[in-house]
Amino acid sequence: MENGTVADIELEEVRDETVPLQRTREAKERAEAILANIHSIVTYGIDDRPPWYSTVVLAFQHFLTEMSSLFTYPLIIAPVMCFQGDLLTNAQLISTVFVVSGIQTFLQATFGSRLPIVQGPSFAFILPVFSLMNLRDECPADVGAYPENTTNLTEIQEESRLEFRDRMQELQGAVLIASLYEMFVGFTGITSLVLKFIGPLTIAPTIALIGMSLFNVASANASQHWGISGMTVVLIGLFSQYLDRFPVPCPGYTKSRGVRLTRFPLFKLFPVFLSIMIAWVVCYILTATDVFPDDENAIGYTARTDIKSAQLRETPWFYLPLPGQWGLPRVTAAGVLGMIAGCTASIVESIGDYFACAKLAGAPPPPDHAINRGIGMEGVGGLLSACWGTGVGATSYSQNIGAIGITKVGSRIVVQVMSVMVVVLGIWLKAAAFLATVPAPVIGGVMVVTFGIVTAVGISNLQYVDMNSPRNLFIFGVSLYMGTAVPSHINSNRDQINTGSEIFDEMLIIILGTSMFIGGATGFLLDNTIPGTPEERGLVQFKQLQGMETTDPKGTSDEASSQDDKALQREIAVYVNKCYDFPFGMSLVRGASWTRYIPFCPTFRGFSFPCIKCFSERDKTV
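Position 101 of the sequence shown, counted from 1, bears residue number 101 in this note's numbering, the numbering being contiguous throughout.
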């Protein structure tokens with residue numbers, strides 16, 4: 001670990017002058033032990049800075065992992081937004097999505113949760129978009145259905161673009177209000193109130209279902225050519241699991257030693273990048289030799305690298321999206337309620353992603369203030385989406401969290417560089433369009449691995465829980481099954497939801513069709529109502545990771561009954577959770593006592609409601 005070690009923290013920053021030096025040293029020692037255990041799983045921790053050349057490639061690797069989602073979203077909404085076949089509007093929307101996603105990612109990693117979280121368009125908003133647009137008349141025309149020599153093609157295009165702008169303005173208004181709602185939930189600390197009741201048996205099914213719910217997306221891409229996607233999976237496994245311990249000899253140069261041979265962990269750091277590049281080249285060769293069919297209805301056609309060549313030619317070289325480019329947002333009740341439902345589902349998914357990302361990045365579980373700030377910053381990101389006009393809010397991307405698990409690189413600076421890269425490619429649109437020619441089966445292979453890792457990370461939270469307990473087996477099994485069965489039934493039988501209100505029906509379909517919401521809510525309810533001790537529920541070990549609970553040398557739990565013990569716990573938490581501090585100004589924040597009441601400040605100590613504390617922390621016994 002290169003930066004952010006406990007030893008680097010200034011003593012005066014975390015200790016009052018009246019605090020005994022012995023207690024501070026004890027806090028540092030215990031925090032060091034906690035962090036050493038957490039950091040052991042990664043090559044670069046959250047505060048570490050890899051060499052610049054490694055950082056650039058690692059950032060590009062993250063971009064390749066996210067890229068398919070950024071390009072897919074405009075294609076999904078094109079039919080209902082009246083720009084299907086309009087390559088210019090499609091390119092402009094892709095550029096907007098890129099630029100806004102890059103800004104959202106930078107804000108989240110720098111000022112939000114401070115985790116290496118990648119942000120992008122949330123697919124939880126797709127259903128509200130379709131439902132809202134289906135209330136309108138049909139689109140004027142499909143521009144792509146007309147040949148280029150059509151006499152009135154310009155008029156047809158202009159009519160479709162006017163309709164697109166009108167529809168986008170309605171979406172912008174809905175996203176604007178939903179984003180304000182998300183900012184309120186995050187920055188006011190409502191999220192942290194719920195977190196008091198959340199333990200491993202709530203987190204495990206929520207995160208596991210994030211990965212499991214995406215298997216349709218992964219299989220839809222991978223099944224377009226199982227040979228290519230299977231090769232991609234094998235390559236990622238080969239590089240990340242078998243060859244990761246074999247560094248590659250590379251020439252190096254230093255002033256003191258001149259030219260010399262160094263060993264670089266190529267396979268360990270870049271398994272996804274290498275796999276995509278190799279699979280892409282193989283697809284290009286098989287396309288050039290006509291091994292892949294040129295009939296778009298034939299199996300294997302989508303593995304060709306030239307199927308997007310027309311779009312690549314038509315894409316402008318540069319485009320600078322600006323706020324208000326489609327017009328002013330327009331608010332409607334139907335749109336707002338649908339988007340708020342999608343926003344609620346996105347919040348649940350993001351909380352699960354924060355815990356998964358922290359675990360894979362070698363960071364302690366995010367404290368309340370970091371989660372509050374992260375959710376609030378996603379609301380800010382949605383506000384940017386409303387201003388620029390992407391049509392949906394922001395959320396964290398699970399596939400990039402899985403990529404952290406593959407590469408064992410959880411460095412924040414890598415994601416920050418990646419965010420700048422996404423903004424540049426959004427403006428330099430021709431380069432982004434070229435990268436979009438990576439065949440779908442290759443991306444599908446990457447998704448199989450990354451989504452699988454996210455699922456496994458969720459299940460790994462059970463290591464803190466007594467899984468010999470019938471209580472815990474019941475809770476986890478029922479939560480996982482309910483989170484799979486209920487959304488599957490709802491999404492296949494949407495017409496069965498009929499309350500008499502179309503808007504309320506839509507909200508129920510979104511919430512009940514979100515697997516992580518159903519699974520997490522089931523685990524939350526059962527874990528907090530079925531009697532069980534804190535040790536049985538996994539709360540003791542889970543709190544120790546956050547520095548919230550101390551242990552004596554014999555390993556027994558310290559009840560922290562005295563003020564000194566409570567102060568010791570607070571100091572340990574300060575050291576352990578330093579990676580979640582603001583990037584600057586912490587001396588001023590810690591110097592102002594009132595900041596402890598601000599839900600998104602690192603000094604926040606939580607809300608003091610005795611009834612809630614009694615219920616959430618009581619020792620439940622059978």
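Some hints could be false.
In silico DSBU-like pairs for lysine-lysine, Cα to Cα no more than 35 Å straight-line [stated by the list, open to error]:
(1) Lys430 with Lys196
(2) Lys268 with Lys308
(3) Lys566 with Lys28
(4) Lys268 with Lys408
(5) Lys308 with Lys430
(6) Lys28 with Lys268
(7) Lys566 with Lys196
(8) Lys308 with Lys408
(9) Lys196 with Lys28
(10) Lys268 with Lys430
(11) Lys408 with Lys430
(12) Lys28 with Lys308
Please keep in mind that the hints were generated in silico from the structure rather than gathered at the bench.
Structure-based check of each hint:
no.	hint	result
1	Lys430 with Lys196	48 Å, violated
2	Lys268 with Lys308	32 Å, holds
3	Lys566 with Lys28	15 Å, holds
4	Lys268 with Lys408	8 Å, holds
5	Lys308 with Lys430	12 Å, holds
6	Lys28 with Lys268	31 Å, holds
7	Lys566 with Lys196	18 Å, holds
8	Lys308 with Lys408	33 Å, holds
9	Lys196 with Lys28	26 Å, holds
10	Lys268 with Lys430	31 Å, holds
11	Lys408 with Lys430	32 Å, holds
12	Lys28 with Lys308	56 Å, violated
The structure fails to meet hints 1 and 12 from the earlier list, while all remaining hints are met.
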